[in-house]
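Chemist: Note that the protein sequences, when read in sequence, are chains A and B. Quick note on the UniProt record's numbering: the first sequence kicks off at 1 and runs consecutively. Quick note on the UniProt record's numbering: the second sequence kicks off at 1 and runs consecutively.
Hints listed in this document are in silico derivations from the structure and should not be mistaken for laboratory results. Since we're looking at a predicted model, the values are computed, not measured. Mixed in with the good hints, there may be bad ones.
As the list claims (entries may be wrong) - Pairs of lysine-lysine, DSSO-like flavour, derived with a Cα cap of 30 angstroms:
1. 23/A <-> 95/B
2. 23/A <-> 65/B
3. 153/B <-> 113/B
4. 45/A <-> 318/B
5. 26/B <-> 23/A
6. 95/B <-> 6/A
7. 77/B <-> 23/A
8. 47/A <-> 305/B
9. 170/B <-> 35/A
10. 177/B <-> 215/B
11. 318/B <-> 68/A
12. 170/B <-> 6/A
To be verified - To give a feel for the contact side, a few chain B residues facing chain A, derived at Cβ under 10 angstroms:
13. 50
14. 89
15. 121
16. 128
17. 159
18. 192
19. 236
20. 310
21. 344
Heads up, the beta-carbon is just placed ideally off N, CA and C, and yes, glycines get one too.
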Amino acid sequence: MELHPKVKNILLLDSEGKRIAAKYYTDDWPTNTAKEAFEKTVFSKTKKTNARTEVEVTALENNIIVYKFVQDLHFYVTGGEEENELILASVLQGLFDAVNLLLRGNVDKREALDNLDLIFLCFDEIIDGGIVLETDANVIAEKAGINSFDPNAPLSEQTISQALATAREHLTRSLMK
Amino acid sequence: MAQPLVKKDDDFEDELEFSPFLGIEKGAVLQEARFFNDPQLDPRRCSQVITKLLYLLNQGESFTKIEATEVFFSVTKLFQSKDTGLRRMVYLIIKELSPGSDEVIIVTSSLMKDMNSKIDMYRANAIRVLCRIIDGTLLTQIERYLKQAIVDKNPVVSSAALVSGLHMLKTNPEIVKRWSNEVQEAVQSRAPLVQFHALALLHEIRQNDRLAVSKLVGTLTRGAVRSPLAQCLLIRYTSQIIRDMGNHSQSGERPFYDFLESCLRHKAEMVILEAARAITELDGVSSRELTPAITVLQLFLSSPKPVLRFAAVRTLNKVAMTHPMAVTNCNIDMESLISDQNRSIATLAITTLLKTGNESSVERLMKQITNFMSDIADEFKIVVVEAIRSLCVKFPLKYRSLMNFLSNILREEGGFEYKRAIVDSIVTIIRDIPDAKENGLLHLCEFIEDCEFTYLSTQILHFLGIEGPHTTDPSKYIRYIYNRVHLENATVRAAAVCTLAKFGFIVEALKPRITVLLKRCIYDSDDEVRDRATLFLCIFGNDGLVETDKDSREYLFGSLEAPLVNMETSLKNYEPSEVAFDVDSVPKEVKSQPLGDKKAKGKKPTGLGAPPPAPVLGFDAYERLLSSFPEFATFGKLFKSSSPVELTEAETEYSVNVVKHIFESHVVFQYNCTNTVPEQLLERVNVIVDASEAEEFSELSSKPLNSLPYDSPGQAFVAFEKPEGVPAVGKFSNTLTFIVKEVDQNTGEAEDDGVEDEYQLEDLGVVPADYMVNVGVSNFRNAWENMDPESELVDEYGLGQRESLAEAVKAVTDVLGMQSCEGTETVASNARSHTSLLSGLYIGNVKVLVKAQFGMDSEKEISMKLAVRADDQSVSEAIHAIVSCG
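Please construct the entire structure, taking both the sequences and the accompanying hints into account.
Modeler: Put into structure tokens, the structure is as follows:
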């Protein structure tokens with residue numbers, strides 16, 4: 001018997017409930033139609049709730065779903081009904097924060113679509129076949145956000161541009177507050 | 001699922017939103033993927049194409065085998081590029097494409113090279129990709145590197161190897177098990193996630209070795225675990241150990257409880273929750289053990305985080321089912337949650353309160369719920385309605401306010417499922433609380449006056465027909481029912497006609513009036529309604545004749561003997577001809593459920609929709625069935641029918657089970673056969689029984705089955721003669737013989753020529769328990785005292801080592817085939833001794849009572865003292881003989 005925590009799927013939907021990115025780790029939803037139906041139910045059940053400040057949670061078809069929204073993006077993590085909600089929530093928070101770091105604070109649908117590769121990589125770094133791989137947003141973002149430079153390129157340059165990017169990010173954040 | 005991406009109306013959509021994937025098409029992207037073969041690679045461009053491919057896959061687009069292979073081969077070219085970002089995308093797309101085993105070979109060498117790269121990211125990802133796509137033989141080749149990776153100093157690499165190990169344990173357990181030394185080392189890692197993954201893998205490697213697991217948990221619980229996730233795992237393992245040990249330990253301190261309790265003070269909330277939940281789920285948890293867990297959950301209830309509140313109230317809700325008193329302390333916090341923003345939390349709070357509430361708080365609660373009901377979704381409302389139903393059963397005195405509440409919400413807007421839940425609840429209350437009947441029926445009547453659901457209307461009409469005539473004033477329901485005949489669709493009208501007839505049939509005084517009403521129905525526009533009305537009028541007209549009276553009563557109130565499914569198949573197979581359809585020809589055997597159905601966890605339907613209770617035919621039905629055959633009619637009274645014994649494995653071509661019918665001097669085997677091959681029709685199905693190992697039996701006659709079409713069960717019989725009144729035993733081997741005919745799948749016609757064939761079935765035994773009917777007695781002590789003490793025979797037996805006392809008790813009860821009395825079939829989970837009280841009727845209608853005292857010593861050796869009293873001393877001896885043989 002496997003006792004380790006298991007994640008059934010991760011979803012990223014837009015403001016109309018359409019799929020931006022989704023990854024399923026179990027056979028509970030075998031076809032794309034089943035997946036879309038599930039996403040639709042999840043979305044219509046949660047769209048009216050306010051999940052912008054805290055991670056929210058609900059139960060659906062013997063599953064526990066934790067979710068958080070920002071702008072026109074809706075993040076969901078699903079687990080079985082016996083699963084520890086707080087573990088799911090930590091996965092969701094990890095995903096959410098990592099995406100926030102990778103998109104440098106501009107988290108909305110357009111930015112997500114423009115950087116869809118980063119989103120896919122993020123998913124890949126958080127969960128591996130249903131098993132929690134990493135929940136620390138910084139580590140995830142670091143692993144997913146490898147810059148597309150040749151590793152042979154001068155290191156100094158890379159670090160300077162990264163430093164600039166971080167500085168810019170901090171600045172915009174403090175301005176936005 | 002190929003779902004063509006709809007090309008959007010560019011002019012319009014472009015204004016609204018921008019998407020880099022607008023108007024993307026599979027064909028074009030596949031074309032772009034050809035660039036991968038270009039000797040001058042542009043990493044950025046290639047990454048973009050891969051993202052597009054991933055996007056297509058992610059949107060549910062599927063590639064054909066050829067397309068996937070083509071893309072895969074192009075992608076392998078990209079290993080030439082040194083760009084890390086591109087490499088990362090290559091890993092991702094390879095996993096998504098999940099190449100076939102013949103293709104894998106192309107990338108293994110590249111991936112193995114990456115596995116030994118200096119770049120950590122390459123190592124970690126190459127491991128994850130490789131382990132996802134390779135098979136056992138390749139795995140042995142890279143095993144050495146994986147072992148190294150497990151103890152790699154970079155946590156990312158180590159985790160990648162460990163998680164891959166977890167996945168591969170399912171396919172190649174023998175290889176992964178060899179890594180346990182390295183995994184053990186990784187458990188000591190300072191990196192939290194590595195520790196978590198290592199612990200998970202180590203436990204799964206060792207999970208069948210209880211001693212090793214408990215040693216592992218024992219060491220770790222002393223506090224070497226850093227990661228909260230690993231700590232949660234540890235709690236799960238600990239509670240599993242406690243569960244396994246449950247029966248062995250004597251009362252007193254529960255081992256590891258201290259550890260669980262200490263986790264309640266952990267700094268990570270997820271650990272606290274895990275521990276609290278583990279404690280509440282302990283077998284037979286005491287209130288003292290429960291208290292600290294409830295206390296932390298109570299704190300969670302007022303947390304600002306919704307997830308914490310949800311987790312706490314969900315756990316408390318479960319506790320409330322078994323220990324309602326323990327949860328009452330949290331009632332005040334719970335009541336404030338009724339107005340929680342998150343409706344899931346609010347619903348859980350309400351249902352918990354309904355479970356823990358006492359009789360005096362019901363009214364206050366109902367008031368709060370009434371406000372709450374208007375702003376939650378139907379699915380939550382159903383949960384609340386179900387909770388109210390059980391509350392009403394618990395506090396029957398409060399039915400008035402609860403029934404009012406239900407009837408109020410019944411009048412409000414709502415979907416079908418919700419309405420059905422309410423109607424079911426009212427029906428349950430009417431059945432369980434006689435005082436509520438008249439009131440409840442009136443509520444239902446009012447409901448059907450304005451009900452948009454045909455199903456519910458007909459069900460309620462049917463229910464009215466059963467309950468209504470037995471009330472003090474049946475006439476008051478007539479108006480409601482007759483209104484249906486005017487206002488509803490044909491289905492409801494037909495049901496209303498039936499209900500009217502039932503009233504007329506039972507309540508003599510109403511008969512003339514109902515006859516008048518029914519006469520109006522014979523001009524109905526629907527033929528079914530007219531037919532029914534005419535039929536009932538005809539029955540009413542035939543007053544004096546007792547025989548028709550009985551038949552019509554049977555028709556109106558009796559239930560269909562055959563299962564509905566069989567009836568349906570038979571009716572479909574019936575072709576209009578001179579010969580009328582014969583209801584008796586419908587097979588009465590219940591079809592075994594297909595495996596898929598069993599898996600589906602259906603909620604137990606209660607109330608209206610409840611199906612007939614037992615799927616196994618009752619004794620009466622067997623008796624009727626057997627006496628309908630002239631061959632068996634002379635055997636006298638049926639003494640006992642066994643429950644069906646399977647003679648074939650599940651999912652074979654032909655499925656056969658047997659029921660043993662015991663008569664005074666005969667035994668009849670009823671073989672229930674099902675043909676599960678759609679392409680075949682079986683004819684002249686017979687069972688050849690070899691009774692050479694059953695000396696006292698001689699075959700008398702057999703009754704073959706003429707035809708056995710696909711999926712409609714049929715029965716063959718074989719009868720044996722045996723010495724009168726003697727509990728003869730023996731073993732029989734069975735062979736199914738038949739003629740197979742091919743059935744054309746298109747026309748459904750069978751070919752004329754068939755082939756003789758036979759099919760070996762498993763052996764069947766007639767055992768002593770077959771001669772015992774398990775009849776219970778209401779007061780065992782009285783019955784025991786009334787038996788002649790002279791007939792008592794006492795002896796002691798050693799039953800050897802057993803897993804548990806309960807198992808021994810069940811074994812003895814089964815061998816004897818007797819009925820446990822006064823709840824003595826349940827054995828306390830950690831009991832060392834137990835007394836079973838059994839009663840039964842032995843062949844020759846001899847009453848037998850047994851007192852069996854069991855004891856278990858520290859070695860799990862079980863001894864039993866068996867005292868038997870029977871009307872006939874020889875029977876007491878026979879019982880002892882059974883036990884000493886069994």
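Chemist: If a hint holds in the structure, say so; if it does not, say that too.
Modeler: The hints, checked one at a time:
1. Restraint check for residue 23/A and residue 95/B: the C-alpha separation of about 12 angstroms stays at or below 30 angstroms, so the hint holds.
2. Using a Cα cut-off of 30 angstroms, the hinted pair residue 23/A and residue 65/B holds, with the two alpha carbons roughly 21 angstroms apart.
3. Distance hint between residue 153/B and residue 113/B is fulfilled; the C-alpha atoms sit about 19 angstroms from each other, no more than 30 angstroms.
4. This hinted pair checks out: residue 45/A and residue 318/B have alpha carbons roughly 24 angstroms apart, not beyond 30 angstroms.
5. A distance of roughly 20 angstroms separates the Cα atoms of residue 26/B and residue 23/A; the hinted pair therefore holds under the 30 angstroms criterion.
6. The straight-line distance between the Cα atoms of residue 95/B and residue 6/A is roughly 20 angstroms, inside the 30 angstroms bound, and the hint therefore holds.
7. About 26 angstroms separates the Cα atoms of residue 77/B and residue 23/A, which keeps this hinted pair within 30 angstroms; it holds.
8. This hinted pair checks out: residue 47/A and residue 305/B have alpha carbons roughly 19 angstroms apart, not beyond 30 angstroms.
9. Restraint check: the Cα-Cα separation between residue 170/B and residue 35/A comes to about 25 angstroms, which is no more than 30 angstroms; the hinted pair holds.
10. At most 30 angstroms may separate the alpha-carbon atoms for a hinted pair to count; residue 177/B and residue 215/B meet this at roughly 18 angstroms.
11. This hinted pair checks out: residue 318/B and residue 68/A have alpha carbons roughly 26 angstroms apart, not beyond 30 angstroms.
12. For the hint pairing residue 170/B with residue 6/A, the CA-to-CA distance comes to about 15 angstroms; that is within 30 angstroms, so the pair holds.
13. A hinted interface residue such as residue 50/B counts as satisfied when its beta carbon comes closer than 10 angstroms to some beta carbon of chain A; here the least separation is about 8 angstroms, so the hint holds.
14. Evaluation of the residue 89/B hint against chain A yields a held restraint, the C-beta minimum of about 6 angstroms falling below 10 angstroms.
15. A least Cβ separation of about 7 angstroms between residue 121/B and chain A falls short of the 10 angstroms threshold, and the interface hint therefore holds.
16. A cut of 10 angstroms between beta carbons decides the hint on residue 128/B: the least distance to chain A is about 6 angstroms, and the hint holds.
17. A cut of 10 angstroms between beta carbons decides the hint on residue 159/B: the least distance to chain A is about 6 angstroms, and the hint holds.
18. Here the hint on residue 192/B is kept, as its CB sits about 9 angstroms from the closest CB of chain A, short of 10 angstroms.
19. Among the interface hints, the one on residue 236/B holds; its C-beta lies about 4 angstroms from the nearest C-beta in chain A, closer than the 10 angstroms criterion.
20. A hinted interface residue such as residue 310/B counts as satisfied when its beta carbon comes closer than 10 angstroms to some beta carbon of chain A; here the least separation is about 5 angstroms, so the hint holds.
21. Because the smallest distance between the Cβ of residue 344/B and any Cβ of chain A comes to about 5 angstroms, under 10 angstroms, the interface hint for this residue holds.
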